[in-house]
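Construct the entire structure; sequences and hints are all you get.
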Amino acid sequence: MDGFIELGRFLFEQLLNWKFYIVGAYPKGPLGGLALNIILAVITIFIGFFIAVLFGLGRTSARKYIHYPCSAYIDTVRSTPLLMILFWFYFLLPVAGFRLPVLWSAVVALSVYASAYMAEIVRAGFLAVPKGQMEAALSSGMSRLQALMNIILPQAFRMMIPSFVSFFNSHFKNTSVVYIVGIVELINSGIIISQRQPNRIFAVYIFMGLLFWIVCYTLSYFSRKLEKKLGILDYESYKPEIYREDLVLVPLPKAVKRLMVTQK
Amino acid sequence: MELTLLIAVITTITSLLIGTVLAIARLSRFKILNVPGRVYVETARNIPGLFWLLFFYFVFPQFLPFGLGEKLNAYPGYSVIAGIIGLTFDNSAYVSDIVRTGIMGVPKGHIEAAVSTGLNRIQQIRHIILPEAFRLVMPPLGTRMIHNFKNSSLCMVIAAPELTWAIQQVESITFRGLEVTLLATFFYVFIAFLSSRFIIYLEKRMRIDISSITQMRT
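Top line first, the protein sequences correspond to chains A and B.
Numbered according to this note's numbering, the first sequence spans residues 1 to 264.
Numbered according to this note's numbering, the second sequence spans residues 265 to 482.
Simulated from the structure, these hints should not be mistaken for lab results.
C-beta: ideal position from N, C-alpha, C; glycine also.
The reader is advised that the hints may include incorrect statements.
Derived DEER-like restraints, expressed as beta-carbon distance ranges [as the list claims (entries may be wrong)]:
no., chain 1, residue 1, chain 2, residue 2, range
1, A, I43, B, F462, 33 to 39 Å
2, A, L11, B, E306, 17 to 23 Å
3, B, L297, A, R9, 30 to 36 Å
4, B, T407, A, N150, 29 to 35 Å
5, B, H374, A, P101, 55 to 61 Å
6, A, L31, B, M470, 48 to 54 Å
7, B, F439, A, R224, 45 to 51 Å
8, B, L442, A, A136, 47 to 53 Å
9, A, K229, B, F330, 49 to 55 Å
10, A, R144, B, N298, 47 to 53 Å
11, B, I274, A, P101, 34 to 40 Å
12, A, Y65, B, L442, 25 to 31 Å
As structure tokens, this is what we get:
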């Protein structure tokens, strides 16, 4: 019982450090803490989104010289750990002649990472729009670009919103990785405090975890609500192909099955 | 490098086991099983994996009784163990969510059929529900496992001597950051590619079973 009271006291002590957890050394030094996490996540998602639309649509292209580079980019980034991408830009930017603060390499790395994942979301949303929409738009005299901008993408984006929100949630958690290159975000500020008060380490970690939990839980709560509201728009066609084939109960000849798999 | 693979394989197996048990617990009617499962998943999912690694390395040993914590801190291999525990803790929450959706996706008729053939609850789970659920969720589960393999690179923060930590050491001696990073990236991409091929292969093999079931039904 005594232990609990002591823990409560330690936790209360951490409340006095709240400023360092939330904004770091902000008014006198660089911005840090939880605010930096949130800002990093928002900025990189925003930059990543534009790259993602390019690559995601490029991957759906029928022209091979567009399709293959886009697929290669997406698959390579997706199968590399975020830490590796971070090191890439951490080492690459100085070699390329940019003398920028470390924060910029983190921003670039996170946006590259986000762009690959979001490109897959964009592609799935794009493919989920029924084919008839494109045909109808083309036959009413629109050019392909017009049809894409006015008909296909608005519908596709509406379907993507829940996935984007849940990706934002996981991306927010990923921003904590940048602590490795020495940026003072939430985890690093927690570590700094715990090094100053080594006997309070447990309280520090609980406080840190609590902050993360509050932000992520609110996010996931809203994303669940959104999913209920929007996600059912056209859920059947948003499922990956694997499920769609299972819906066919009559056994199909192999040739037909092959057609269904290749037809994207 | 072997350690990276070892950590990935061990965490895959342990998180599959724990995740499956959790998924079943979360779907049960009894609150004693249901509520702790939910609390665990919500906690583990809403806090980054990096936090859990640091937590299990620095904070967890302090709680162990009988001076076990000091012994663990002195033991040089503890960083690897803490890495495995932390990654499993993080990953099994995701796995349990995936498996849970799989179990919910098993057609009701199959479970009714199992009941009417006289299987008890455990037999139903073992022979009917789990095999079908795993087949349904094979693609997301595979993605999660590749994700877990990539997350094993985070173990470098607690100085577990795996690939990323090793390239950091090489970099600090030779100052050739780009070259070593390139090498490690190749390794990660190669392993991820191989495992994704393996998952697609598994999926194809398993799908034959399902189509034969549907054939029987028609």
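Hints versus structure:
1. A:I43 / B:F462: 33 to 39 Å: Since A:I43 and B:F462 have Cβ atoms about 37 Å apart, the given range 33 to 39 Å holds.
2. A:L11 / B:E306: 17 to 23 Å: Given about 20 Å between the Cβ atoms, the range holds.
3. B:L297 / A:R9: 30 to 36 Å: Given a distance of about 34 Å, which is inside 30 to 36 Å, the answer is holds.
4. B:T407 / A:N150: 29 to 35 Å: 33 Å, holds
5. B:H374 / A:P101: 55 to 61 Å: 58 Å, holds
6. A:L31 / B:M470: 48 to 54 Å: About 50 Å separates the Cβ atoms of A:L31 and B:M470, which means 48 to 54 Å holds.
7. B:F439 / A:R224: 45 to 51 Å: 48 Å, holds
8. B:L442 / A:A136: 47 to 53 Å: With a Cβ separation near 50 Å, B:L442 and A:A136 satisfy 47 to 53 Å, so the hint holds.
9. A:K229 / B:F330: 49 to 55 Å: Cβ of A:K229 to Cβ of B:F330: about 53 Å, so the range 49 to 55 Å holds.
10. A:R144 / B:N298: 47 to 53 Å: With a Cβ separation near 52 Å, A:R144 and B:N298 satisfy 47 to 53 Å, so the hint holds.
11. B:I274 / A:P101: 34 to 40 Å: 38 Å, holds
12. A:Y65 / B:L442: 25 to 31 Å: 28 Å, holds
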